[in-house]
Structure formats: structure tokens, C-alpha cells
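Chains as they are written, first to last, in the numbering used here: chain A, 3 to 321; chain B, 3 to 321.
Think of the hints as simulated: they come from the structure by calculation, not from any bench.
Hints are supplied without guarantee of correctness; some may be wrong.
Which copy? The list can't say, so a pair holds if one copy fits it or any two copies do.
Distance condition first, Cα-Cα at most 20 Å in a straight line; then the derived SDA-like pairs of lysine to any residue [what the hints assert, rightly or not]:
#: 1; residue 1: K41; residue 2: A138
#: 2; residue 1: K142; residue 2: I28
#: 3; residue 1: K142; residue 2: A22
#: 4; residue 1: K142; residue 2: G27
#: 5; residue 1: K142; residue 2: E25
#: 6; residue 1: K142; residue 2: L26
#: 7; residue 1: K142; residue 2: V24
#: 8; residue 1: K142; residue 2: G29
#: 9; residue 1: K41; residue 2: V198
#: 10; residue 1: K175; residue 2: A247
#: 11; residue 1: K41; residue 2: I28
#: 12; residue 1: K41; residue 2: D140
#: 13; residue 1: K142; residue 2: A39
#: 14; residue 1: K41; residue 2: F115
#: 15; residue 1: K142; residue 2: S21
#: 16; residue 1: K41; residue 2: S141
#: 17; residue 1: K41; residue 2: E25
#: 18; residue 1: K175; residue 2: Y191
#: 19; residue 1: K275; residue 2: G205
#: 20; residue 1: K142; residue 2: P38
#: 21; residue 1: K275; residue 2: T291
#: 22; residue 1: K41; residue 2: V24
#: 23; residue 1: K41; residue 2: S21
#: 24; residue 1: K175; residue 2: D188
#: 25; residue 1: K142; residue 2: A274
2 protein chains.
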Amino acid sequence: MAIGEFDLIKCYFERSASSAGVELGIGDDCALLDVPAGKHLAVSMDTLVAGVHFPADASSRLIAERALRVNLSDLAAMGAEPLWFTLGLTLPEPNPDWLENFSVGLFAAADEFNCVLVGGDTTRGPLSMTLQVHGAVDSKNALRRSGARIGDLVCVTGCLGDGAAALAVIQDKLWPGEDAREYLLDRFYRPRPQLVEGQLLLGVASAALDISDGLIADLGHICECSNVGAIVDIERLPLSSAMRANVSVMQANTWALAGGDDYQLCFTLPPAKQLALQTLIDSGQLQATIVGEIVSGSGVICRSEGVEVNLSATGYNHF
Amino acid sequence: MAIGEFDLIKCYFERSASSAGVELGIGDDCALLDVPAGKHLAVSMDTLVAGVHFPADASSRLIAERALRVNLSDLAAMGAEPLWFTLGLTLPEPNPDWLENFSVGLFAAADEFNCVLVGGDTTRGPLSMTLQVHGAVDSKNALRRSGARIGDLVCVTGCLGDGAAALAVIQDKLWPGEDAREYLLDRFYRPRPQLVEGQLLLGVASAALDISDGLIADLGHICECSNVGAIVDIERLPLSSAMRANVSVMQANTWALAGGDDYQLCFTLPPAKQLALQTLIDSGQLQATIVGEIVSGSGVICRSEGVEVNLSATGYNHF
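Only chain A is shown next, with the shape it has when bound in the complex (with noise of 0.2 Å):
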């Protein structure tokens, strides 16, 4: 079957989407925009290859919804709320099972998170992607990596090393009951962007970012860009029942602390906002859990039962 770029654009990509602050969106030499007044445009680009970051015969629906909500993760990470993204495919071969699936799986994330498919570039070659989000966050509040203060507390949201976990059920490594199995995947597959979590720790939280190569690398970025070391006390860390049913005590904070691809925020708090956060708690609007304190120094620092801990474990270094 030949089918042009274009025709396949069209196909599959092009929808009638009159939204907000879409000015002119797919088919032209550019994309027109209007970011709302008052706020920060903010942007942030993945790249995403087949056999590095997903099995190249994975299922497009789900390789295509991972993509979005993992590229979202960024725009929850400042407390911004999403507007467009743009997504360049490259692709072997157009075959339009593929393509068809791929696109299901694209506007399932689009519609659920209000983003808006504005553009991109289809083109063909070894299969891989890279997509753009497109947010907007209030000029004064975006939650940065820098802002974290010794003294404030370390949170984090949701569980973490469930995205390790899922990891080791895909490659035949995990073998839970099929609740368990069916909520690790669910959580590698379609992991929440923390979008709602991120705006509303805007003016509450100091510092923030998305867990995406596992608490102790990301948090050491929160420290790099504040000058600040941090402790984190192991018993804390927030795991499911799922991955812990599964797993010695050992490999499930190993991963909570090492394991990539849990798309939860960090976030550091100011002492003075802890009632804030315990209010935003209690509502359930926000499920979040302090695990350790920014301190002076450099570096994160774990331990366990009160006593510093040696883990050699790093983060997922993409080389």
C-alpha cells in the first residue's frame, strides 16, 4: 500500500480541532498559537526508540499513549497546564493497522489530558518518536528544580517503584497474580502525569520535578540546582501493595529509590507550608507522603532505620 506523507498525515492525524488558543493548527508551513496573557509558554520535547525505551513490537495504541502522558509529566513537574503538543514519527514502513491503533492511543491521551495535536513531521526510518508538549504556568509560581531551601521536607507523590516493577513483569522477570500484574503494566503503560498535583502545589511547593530515573538521581537534580544535599529515610517511601505483595522489602525500595519510569513529582516544602499541604492531603485532593528533608551539603543520602545506607544503585542513564 503507497501512501503519501500527506495523505497519511490526514489520515490519521488531522482532526477538526477547533480549540482554545489554536490560531492555525495542522497543514500549514507552521502552527499558529496564542499562549494566554499572563502566563509562561512552557515546553518541554522526548525522544522515545524503539528497543531503548519501548519494545519495538509493543502494541502502538499503548507506545503512543505512554509517549503523551510521559511527555506530559514535564509540563506537571512545573505546575503547568497543558495546551498543544506537536509529534514527529518516524516510521519504517505506513502501515495503517499500526497507524491506526497508534493514533487511538494518541487522541485517548490528548482528549484525557486537554492537549491539542498542533503539528509534527512524519518521516521514514528506524521507528521512533519525539513529541513536544506545550503548556502554560503562572509567570511568578512555576515550580523549578532550584527553589529548594534546607530545612524544607522532601514529599513525593503517589508510589513509587512500580514503573521498575512493571518493567520486570514485561521482560519475564515478575510473575504476580493477575491484579497485580494488571495494575504494573497499567502503570508503565499509562502512568498519570501528576498534572492536577503539580498546579495545585503551585505557591505551596519550593521545588519540583517528575521521578523518571528514580528518586535518588532525580532528588540529586533537585540538590544540584539548589546547592543543597538531602536525606531520604527508606521506611518512608510510599510503595503499593501491588509491588510489595511481590517482592522482598530489599528489591521494592531498591526500586522505589532506583527504578525509572514512575512519573510521580518530587517536591520539596517549606516548613511553613506543611499545614497546606496536610489540608490538600486531607481532602484527597492531593496523595502525597514526606520521605526526608532538604539538608546542607550536597548529594542525597539514604537511610534506614536512622542510619546512613551505602546503596551503590544510580539512576537510568539514557547512555
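Starting from the known structure of chain A, arrange chain B on it as the hints suggest.
Below, chain B alone, put in the same frame as chain A:
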């Protein structure tokens, strides 16, 4: 040499660029950007794959320089002014020499066209790159593909066919003298995005795009978006002496009509604006040639010596 993703970004791509509109650049979850008041944000994404868009063993300096220039050509086609760009770079391995040269080429083009690198992603995989350029354009005047009207003149900037001729040189199918060879290779590796020209055409041209797939194919997009047809007079096509001196008239015209990679602008001109265009040309601000006219109907008709000719050649199709 084991070099981590973060070191790699810092080493080759992080420059302390405190540029207008960049509230936060590389190094956080998102870049934070401010679009000039009263302007649309114009964005365009291009993916370039080794073995498809450039030879895998081509100079990384030239690959980078060409990639950004080609992407900027999309901003030119809207009449937009460049602001920022992002880069998703996928590499088989982080070779320091390759990266050093790549960054030299990238920043040479970025500096020449006042476009600041604000973020992106680096990952391991088959060599490819996705760039997204961001520009600003006046809300009312942006040059779209849909504005051509019956009776408008069809114009192009610069010369056509040099991109295809250069590709023939690179593929060792054409052997011009040293000067012509140098001129053509420079046109291929360092195409000049018609940014100044595009901005000059705001309020003058009724429609525009950049010619990446050949005049017939690209003018065809204007026709389709504007619901009109077009006639091109082959004898009026602007050809460079470097190309013309080394190939037959037939070859030169074919490349001018159906070759790719020219990155000149094709635009349509209401008759009432012909004087304005002539003034721009006479003052030396714009090099442009009238090559045809917009008519009723659909599609692009080519005319030679006043008579329609049927050319089977079509634009480059990525699939």
C-alpha cells in the same frame, strides 16, 4: 568514554543564553518562554534521519547547520521572526568529536538567525534528530497557504533547482567545475532560510510556503488549500548560472519544477500589490521572480512557449 546524558547536554549544548523571552532555558523539566505581546507563536517540527535525509557519514557540522536552516525555512514561509528552538538528538553513541562538530554547526546557524536553543532531549538509538523552531508573527498578517485568489501572480524567491543539482553532485552523478560545485554544495548544506524575505512579504503576499519538495508539488499545496489552480510558465523559472551551465535546459527545468531541497519561498501576489513587490525588488531587498498566475480550477499546469506540457514528475514523497 562513558559520558552520561546530563554531562553530554552540559558539555555540548548548554550555553548561558540570557535571551529575550527566555525565562528559564535548558536544565529544568520545561523551558519557560514569553511570546512577545500581540504576536502569534509560530511552531514547526522537522525530523531528519540518517540514510534518508542525509548520508550517515556526512559531516556533523553540516548536518546540524542544515537541519536548523531547513527548519527555520518554515518560519520564513509564515513571515515569522525566529525566537527559540528545541532539539531531540538520537545517537548510536556519544562520540565527542562528532558532538563537538555538531554543536559548532548548530550554534553557527542559531547565532546567524537569532534563534536560541532552549531545550530538548538526547537519547541512544539510530542517528536522527527532531528540531522544533518557535517564532513570532503579527496576528493578522501571517502568510498562510490558503490565501491565494484567482488572478494573483505566482512568484518565487531566489533560484530553483539548485537543491536537486547539489544532490546529483553529492551522489556523484554531476561533475561541475570547482566554483559551481562549491556554490551548489553550499546551497544544499547551508540553504538560506528566507526569513527577511518572508517578513518583507507580510501584507504583500496573499499566500506563501517554502519549496522543499519542488515547485509543482508545493504550489499544489497552495492551490489545494486555496481551492484554485495555477499556471507556471517554464521559461520564467529562475535558474542559477552554476546549475544552468552544467546541465541541459530540460534537466534544469525538471529540477526547478520537481526537484527538492530548494527552501526558497513560493508566494502569490494580488495584482494590486505588484508595484509594492517591484519596489522591494528594485531596492535590492528582495530577489523574486514572477513565474505564473493563479487560475480557476485545481492543480498546477506547466506551460512552455505558451502551450501546456504534461510532466509526470512529482515532488519528493517521504514514503
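Original post:
Is it within a copy, between copies, both, or neither that the alpha carbon of K142 lies no farther than 20 Å from that of A39?
Top reply: Cα proximity of K142 and A39: in one copy and across copies (13 Å, 18 Å).
**OP:** Since the copies are identical, ignore which copy is meant and state whether K275 and T291 lie within 20 Å (CA to CA) inside a copy, between copies, both or neither.
**Re:** Within. Shortest intra-copy distance 14 Å satisfies the 20 Å Cα cut-off; inter-copy 65 Å does not.
Original post:
Between K41 and E25, at a C-alpha cutoff of 20 Å, which is it: within one copy, between copies, both, or neither?
Top reply: Result: close both inside a copy and across copies, 18 Å intra and 11 Å inter.
Subject >> Intra- versus inter-subunit Cα pairing at 20 Å for K41 with I28 >> reply: between (24 Å within a copy, 19 Å between copies)
**OP:** Indicate which option fits the pair K142, G27 if close means a Cα-Cα distance not exceeding 20 Å: within, between, both or neither.
**Re:** between (29 Å within a copy, 16 Å between copies)
Original post:
Between K142 and P38, at a C-alpha cutoff of 20 Å, which is it: within one copy, between copies, both, or neither?
Top reply: For K142 and P38, both the intra-copy (15 Å) and inter-copy (18 Å) Cα distances are at most 20 Å.
Original post:
At most 20 Å between C-alpha atoms: does K175 with Y191 qualify within a copy, between copies, both, or neither?
Top reply: For K175 and Y191, the Cα distance is within 20 Å only inside one copy (17 Å; across copies 48 Å).
**OP:** Classify it for me, K41 with F115: is the Cα-Cα distance of at most 20 Å met within a copy, between copies, both or neither?
**Re:** within (19 Å within a copy, 26 Å between copies)
Original post:
From the Cα coordinates, with 20 Å as the cut-off, is the pair K142 and S21 best called within, between, both, or neither?
Top reply: This pair counts as between: shortest inter-copy Cα distance 18 Å, intra-copy 26 Å.
Original post:
Checking K142 and G29: alpha-carbon separation at most 20 Å within a copy, between copies, both or neither?
Top reply: Classified as between: cross-chain Cα gap 18 Å, same-chain 35 Å, threshold 20 Å.
Subject >> Alpha-carbon proximity context of K41 and S141, limit 20 Å >> reply: both (5 Å within a copy, 18 Å between copies)
**OP:** Up to 20 Å between alpha-carbons, please classify K142 paired with A22: within, between, both or neither.
**Re:** Between. Shortest inter-copy distance 17 Å satisfies the 20 Å Cα cut-off; intra-copy 23 Å does not.
Going down the numbered hints, you'll see the structure goes against none, and every one checks out.
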